[in-house]
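J.: Residue-level listing of the chains:
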Amino acid sequence: MLRLEKLVKTYKTGDQALKAVDLVVPEGQVLALIGPSGAGKSTLIRCINRLVEPSSGKVYLGDVELTGLSSGNLRRERRRMGMIFQEYALVERLSVMENVLSGRLGYVGFWRSFLRRFPQSDVDEAFRLLDRVGLAHMADKRADELSGGQRQRVGICRALIQNPALLLVDEPTASLDPKTSRQIMRLICELCKERGLAAIINIHDVALAQMFVQRVIGLRFGAVEFDGPPEGLTPEVLTTIYGEEDWEATIEAVDEDDIEAAE
Amino acid sequence: MSDLDIVIGKPWRKPSFIKRPWLRWALIVGFVAYLIAAYLTVEVNWSRVYEGLERGKKFVLAFTSPDFTTRSTDIYEGMVESIIMTIASSVVGIAISIPIALGAARNIAPLPVYLICRSIIAVSRALQEIIVAILLVAIFGFGPLAGFLTLSFATIGFLSKLLAEDIESMDKVQAEAIKASGAKWTQWINYGVQPQVMPRLIGLSIYRLDINFRESAILGLVGAGGIGATLNTAFDRYEYDTAAAILLIIILIVMALEYLSGVIRARVQ
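Protein chains in written order, with the working numbering: chain A, 1 to 263; chain B, 1001 to 1269.
Next up, chain A with everything else stripped away, as it sits in the complex:
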């Protein structure tokens, strides 16, 4: 459903963030993108919806080639890609409801959005989503009154109300405590399953990734080093991705987590 062909991004400074990345994501697959800081994880997902303009290569969403689109057509295609951000990226001075409804901006005209007169179906859907993540009572609170976990839930609602085919998730748990991190990851994965969404999740926490996803991509210096199921992440593999370190503790922790999650 999503296909990257020889995707290259070279920044003006000369840093090559992505070196000819090839990747195919089938319908409904949730995959985790792991790798050290600066490996190009954020750049990769931002090149897909062209918040960062790729230097060369092609990105296909379904049959549409995103890389060659005019700005108007790009806007239309962006509606099919929901994005969830590190540090939530809610507009802090807008209310929770306005933040969620901002996910519909690609569908409604300027005056409707300016006057905050969204179609009833959008408003209903926003309440349904907020209720699903347990925040319906917070609709008229300002976004900056919420806790980190709550904000990320609002971020998830904003991405889902776009009715996307693909979720691009950038470090969703980077500033959350361990328990909230798991809840957020679980929520994202559950919602993807419910709606049959494909998702690319950038994540630092290897153990957390292993708990929730079906496929892991390891990125190092802008190139794919590993592509396989989470069980394939052996100490040797982690060493090729991150460099030399004692990995036993990380992998053991995963086993305990699995038991706890099963309970």
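Since the hints were made in silico from the structure, they are not lab data.
Listed below are several chain B residues computed to face chain A (Cβ distance under 8 Å; list not exhaustive):
(1) Glu1176
(2) Ala1177
(3) Tyr1191
Yeah, the Cβ is synthetic: ideal placement off N, Cα and C, and Gly gets one too.
Fit chain B to the supplied structure of chain A, relying on the hints for placement.
T.: Quick look at chain B alone, frame taken from chain A:
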């Protein structure tokens, strides 16, 4: 002997900003010498100051017996004209400033638009109010129209510059999130940028209203209408008690605006 042993037991000082001691001392001594020489060139005519003190005393004493009544209709009309000028020029100036500020923010405007908007701001800021007022009085004649146009023009330079700087320092990720939803440019501004800069815009607008009111008292001196004209006449006739009354009213209104702006800014945070 290791590096640590060399530094242990020795006092530590912050390294000087200018490393070469001779250059540092030359700059300090040179600056002090220049300062003394500069003060020596200012000539003071002490006998004139002595005479002037008497006049100054009269002016200050007038504040103890301000005369609101003798010229009350002139004061009232001048005040009303000033207030009208202030509000009208602030509204028009702010309305024009907002699009120019958007254009003058490097992170949202393309380079050609940026350069045009920045030059508009530069022109508006380079020309001091009084100079603009003299020019506009020459074109439109005496009266509040010239004052209104002057203040609108001055507002653009002030507000656009400061607002553009606020837009440039906004949180990029919040705006990016709105863009990622497929929003149009106008929607992106309305949802991603506007909420972030709104408190600053409101604060600056009230501050500019306050400045415009004070400026309107000055512009009268060059014939651009408002309370300044009344004030000027009072000075010309040595009616210090009337002048004192006018100044007291101006101070009162500025203080009221200051209080109002405090209340509003606390509410929009």
